[in-house]
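Asker: Once you have looked at the hints, place chain B on chain A.
Listed here are the chains, written in short residue letters.
2 protein chains.
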Amino acid sequence: MLPVAVDAMGGDNAPDAIVTGAKRAVEERGIPVVLVGRPEELGDTGGIEVIAASEVIAMDDDPGSSVRTMKDSSLVRAAEAVRDGVASSMVSAGNTGATMASALLRTGRIKGVSRPAIATAIPGPSGPPTVMLDSGANAECKPEWLVQFAQMGAVFARTRFDIDTPRVGLLSIGEEAGKGSPFVKESWGLLDAVDWSAQGAEFIGNVEGRDLMGDEVDVVVTDGFTGNVALKTLEGCAQNIMGSLLEAFDSSDEARAASAQLMPALLPLYQRFSADTYGGAMLLGTKGVCIISHGSSNDEAMVNAISVASEMVNSDLVGRIGEAVNA
Amino acid sequence: MLPVAVDAMGGDNAPDAIVTGAKRAVEERGIPVVLVGRPEELGDTGGIEVIAASEVIAMDDDPGSSVRTMKDSSLVRAAEAVRDGVASSMVSAGNTGATMASALLRTGRIKGVSRPAIATAIPGPSGPPTVMLDSGANAECKPEWLVQFAQMGAVFARTRFDIDTPRVGLLSIGEEAGKGSPFVKESWGLLDAVDWSAQGAEFIGNVEGRDLMGDEVDVVVTDGFTGNVALKTLEGCAQNIMGSLLEAFDSSDEARAASAQLMPALLPLYQRFSADTYGGAMLLGTKGVCIISHGSSNDEAMVNAISVASEMVNSDLVGRIGEAVNA
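Taken in order, these protein sequences are the chains called A and B. For the first sequence, our numbering begins at 1 and goes up steadily by one. For the second sequence, our numbering begins at 1 and goes up steadily by one.
These are computed hints drawn from the structure, not numbers from a lab. One or more of the hints may lead you astray.
One copy or two, it doesn't matter: identical chains are merged, so the pair holds either way.
Stated by the list, open to error - Cut-off 30 Å, straight-line C-alpha distance, at most; resulting in silico cross-link-like pairs (DSSO-like, lysine-lysine):
hint: 1; residue 1: K179; residue 2: K287
hint: 2; residue 1: K71; residue 2: K179
hint: 3; residue 1: K111; residue 2: K179
hint: 4; residue 1: K287; residue 2: K71
Excised from the complex, chain A in its bound form (with noise of 0.2 Å):
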């Protein structure tokens, strides 16, 4: 079986977080890892083998250029691993956009795959996450491009969530067929066109914001634009509440001691709605499997995103995509 590719420089608490997230993927969940960075910056990587690479991209970098003229920096050389046959996908918790634009330019798109789409796994407070795309990858989309969003959603939902038949909507403001801009009234056209039984899934129609954390739908498609400020909406509002509640059981002796013992209460609630649970996001469309992981991811969150890695490379969610999109 082949390495997981690991960025190890990408990330705002590289390279230590993400190393000790490698060696305790390895330790822990028996999957092959390679660390893809400075060798001398790595520290001890209990005998993770290195690939060296002796730039690095930074967090607010130029995607595209960055790209394009770091070409020894560790993402565009962990994309490299997988075009190569060396590495079976890769994880980052760098800069989103390079991300991207590595995997992209060095593996290439699913033939029939218009645009590749950025799939974000959603909690709520019961079931299985919401799979919403595109969380980013494209500001601007043709309304064709969200009916390949769908089948590759509708894939990913199955593969990785067991989903059997997944329940696809259309994000817009109101449930309506008629409602919602233009472009998402054409975009409901289209989907609403498509066999969806032939693809093991069903358009349910339009769905609102308030249905991303709910039971109703398990992929939401939408623009990259849109997607990407409903996402930032939630992880801002999540984190506001959630740090109001821990000022809130931090502000008296009493409160303390009754937060206390709420904890084995509010401790799953807690790693249900946290973002290291599920690793990353999930990069659709390009022939390598893809992770982008939140920036401010720990070690918890790299064993995640190792583990997702190598299970959508052992399920081939890349031969499921391409059928997808090409039946």
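Answerer: Relative to chain A, chain B alone:
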């Protein structure tokens, strides 16, 4: 002082909660109110005058056609009361689109305003709420409308929340000026060209979804599609997290006892994040002050909405918006 016209028939809890809220506004805050609706369904109004209206526009009726055809509806009659100088302003927890259409068609646009927009107050953990517009009036927008939204929003933030020099941000998917859709980039250029100091405001460039609940921006402008998606995403997120918490608090005798002890610390949080605290969204750009309350409004929400309507009339919000837009 003219009374606030309250649509007694609109909202999930109409007419009971609406009538109770109206009575409380009169008794507790001394604000004159007139109810609009079917007199025989309102019960004891506590002496509050009623403008009779025989029809009710349902929550899911088509806004445009219902306002055109249901001329004796409570919404249309409420808007006419404002137009005819019988009431100072209107409040409804009914059909959002129909409330907007009634206000727009009966009271008209402020001179110079291209399109009215819905402004929502988004609470965060600290500081005054962030004003977001357009939250759903215009699914598709022109970049120049966003300049007016910014002007109207700045006036509203100053008048309603006492923010001296509101910081205006443009909702996008990256903070740098070049980030976003072509629509956002063009809007950025127009917003950046305005002399904001003459408007008593400041343009701080792009902001992201996670800033909506933060303290870095006071007014966020966006098209009505993106704004409505963001708003409903926020509402869904807050509801889901709160719901999960309440379930955890009620999951055992120990949890119930501990959460009872935490209540003094949690209640202020609940009040801060509750949709009822701000009474509803504000339609900006029409000649009459119009408040669009949440469909689920209780009597407390109605008291707050009626108070805000009265305050905004007393502060001449409409006149101030006219000055800002025509400066």
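Asker: Determine for every hint whether it applies to the structure shown.
Answerer: Hint check results:
1. Taking the closest pair of Cα atoms, K179 and K287 come within 30 Å of each other only across two copies (27 Å); inside a single copy the shortest separation is 36 Å, beyond that limit.
2. Proximity of K71 to K179 under the C-alpha cut-off of 30 Å is restricted to the inter-copy arrangement: shortest distance 24 Å between copies versus 46 Å within a copy.
3. Taking the shortest Cα distances, K111 and K179 sit within 30 Å of each other only across copies (29 Å), while inside one copy they are farther apart (33 Å).
4. In this homomeric assembly, K287 and K71 come within 30 Å of each other (Cα to Cα) only inside a single copy, at 20 Å, whereas the closest approach across copies is 60 Å.
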